[in-house]
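Could you put together the complete structure from these sequences and hints?
Protein chains: 2
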Amino acid sequence: MLIYIENVPGRDPAYRISADAVRAALGEAARHCELVECMSDAPDLAALARARYFVGSRLDTARIREHGRGLRMVHCTSAGVEAYLPLDWLPPQAVFTNSSGVHADKAGEFGLLALLMLNDRIPLHATSQRAHRWHRVLSTPVRGKTVLIYGTGALGGAVAERAALMGMQVWGVRRSGKPHPSLHRVFTPDQFEQALPQADFLLAACPLTAATRGAIGARQLALLPAHAGVVNMARAAVMDYGALADLLEQGRLGGAVLDVFDPEPLPADARWWDVPRLMVIPHVSSDNPVDYIERCLAIFARNVAADQAGRPLENVVDASLGY
Amino acid sequence: MLIYIENVPGRDPAYRISADAVRAALGEAARHCELVECMSDAPDLAALARARYFVGSRLDTARIREHGRGLRMVHCTSAGVEAYLPLDWLPPQAVFTNSSGVHADKAGEFGLLALLMLNDRIPLHATSQRAHRWHRVLSTPVRGKTVLIYGTGALGGAVAERAALMGMQVWGVRRSGKPHPSLHRVFTPDQFEQALPQADFLLAACPLTAATRGAIGARQLALLPAHAGVVNMARAAVMDYGALADLLEQGRLGGAVLDVFDPEPLPADARWWDVPRLMVIPHVSSDNPVDYIERCLAIFARNVAADQAGRPLENVVDASLGY
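Chains A and B are the protein sequences, given in the same order. Numbering (our numbering) for the first sequence: 774 to 1096. Numbering (our numbering) for the second sequence: 774 to 1096.
All the given hints hold, so there is nothing to weed out.
In this list, chains with the same sequence are indistinguishable; a pair is considered to hold if it fits within one copy or across any two.
Derived pair list, reagent style DMTMM-like, types lysine to aspartate or glutamate, alpha-carbon separation capped at 20 Å: (1) K918 <-> E966; (2) K951 <-> D963; (3) K918 <-> D878.
Worth flagging that the hints you see were computed from the coordinates, not collected in a lab. In this text the structure is predicted, and so the values were computed from the model without any measurement.
This is the structure in structure tokens:
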């Protein structure tokens, strides 16, 4: 049973998938596996043709389609998979699995941090500091204020949990509309606009899909109260940054904490660097370099075991939902 | 029984001590009280001479000494009282009480915010943003990291409680050296330097006294690990900002979040505005404008009742300790 491991040249060593790490994750099951580790620019196409499982990042989907005909599972060591959709490249008997959930601890902390920053007007203070301006604006405690979380999967759920710990009212927009243990109120995407005028904070933590692209546009942002703060730790294309910047420049909205941009790295002449009360975070909200690959491989190893036992797999990407 | 209420012209109305608010705080006891409310620039000296209790802010201590000879308690609606020491102006049979504790909720939240900001390298990201520089530096979760809190009274204790909630190791420097419910380890001021090399974060939350002035100097800051973050929500004179700025400019220390300066407002040409990885917060960490005076007056009213009943008062300033 061959497992094909692919790494990309030039990536931070913290994200390298080594055969040793795969072996450690598989445990006892590793004895029945042949592991082949390749760089993406020096593939072993013969091994790929024999492979049953594939694990990698920044996937060359054309190559997988052409050479990975025996694959039963392709696992990627990231959570966001919008770059791989539609799944027309996936070998017919294979499933595509992602690493959603490995970011939850770090992302939950960052989400809470962003909410506290907005509540204490840190984006305003950072703007004042750039102008050497002592400008005292007081805040009340965050307890009792309302955050509306757009997307309540692993990331949004981890933020919700911590916001509740601080005594916040935690509302969520959830595709299913089902109750959620960390949410005081649940809205379906259809009800999103109803909730906005009551939100002190709006935090985007959804995957980028056909349904979420542009979901937080000029109209939705204008429905927020004038003091509201906005966080994006999802994907830039979820939100209309032009409309957001216009509002901030007009003196509306308390502030924004944005962790995702398009393109990244953000060019030096991008508008967002200088928008008042807008903090540019260089896409670090959810990355915890310690044991990152180990956490991804734990999901992969559980899925290898499940597939061997004929049990259902976890983290299977649903092409129709887009995540 | 006369209560003399003094307000200062030009202050934010949120900080006005009205006779109505005093009456509300006193409750039933107000029926036996005569309340006189004056502005500090239009005092009623005859009333002051008859007053048993005084409540105000930005006290004119010379006037109280000269005209308030019948006072049994002078209460000030602030927590920091370093400007009123020594207490040589206090009428001989009077005690001086402060409003320590009213800041705890807001300050506790701010302290947690500052720690999370330092952990997620927000001061670095703010510096990068000013330079339009996309510079990704990843962080690990704050869970398990160590914060050393210098001063564990109402403010430091409120921070300790919230840091523990995030799974941090919470150490404190405490004059008494006694155990504290929110601290995993307690150090006496003599042991402060021993603790510094193990601290991921150092947070100052002490009153300014003869013992704390300059307590966090160049030597103490140099004992911190190179990645450590520093918070000051006490008073500027507790810490050597010149040494701190030197370290930051040399590339040492992860960052600093400073809420207190000397003088305030910070002049436009002050060095601190432009020090890398240093965030200037305009002395707002602990101020919660909602119900501020009500919270101060609750202490005052409890003390009036205690004094009438011959019970010991709370929040009595100890001139020998300086708080």
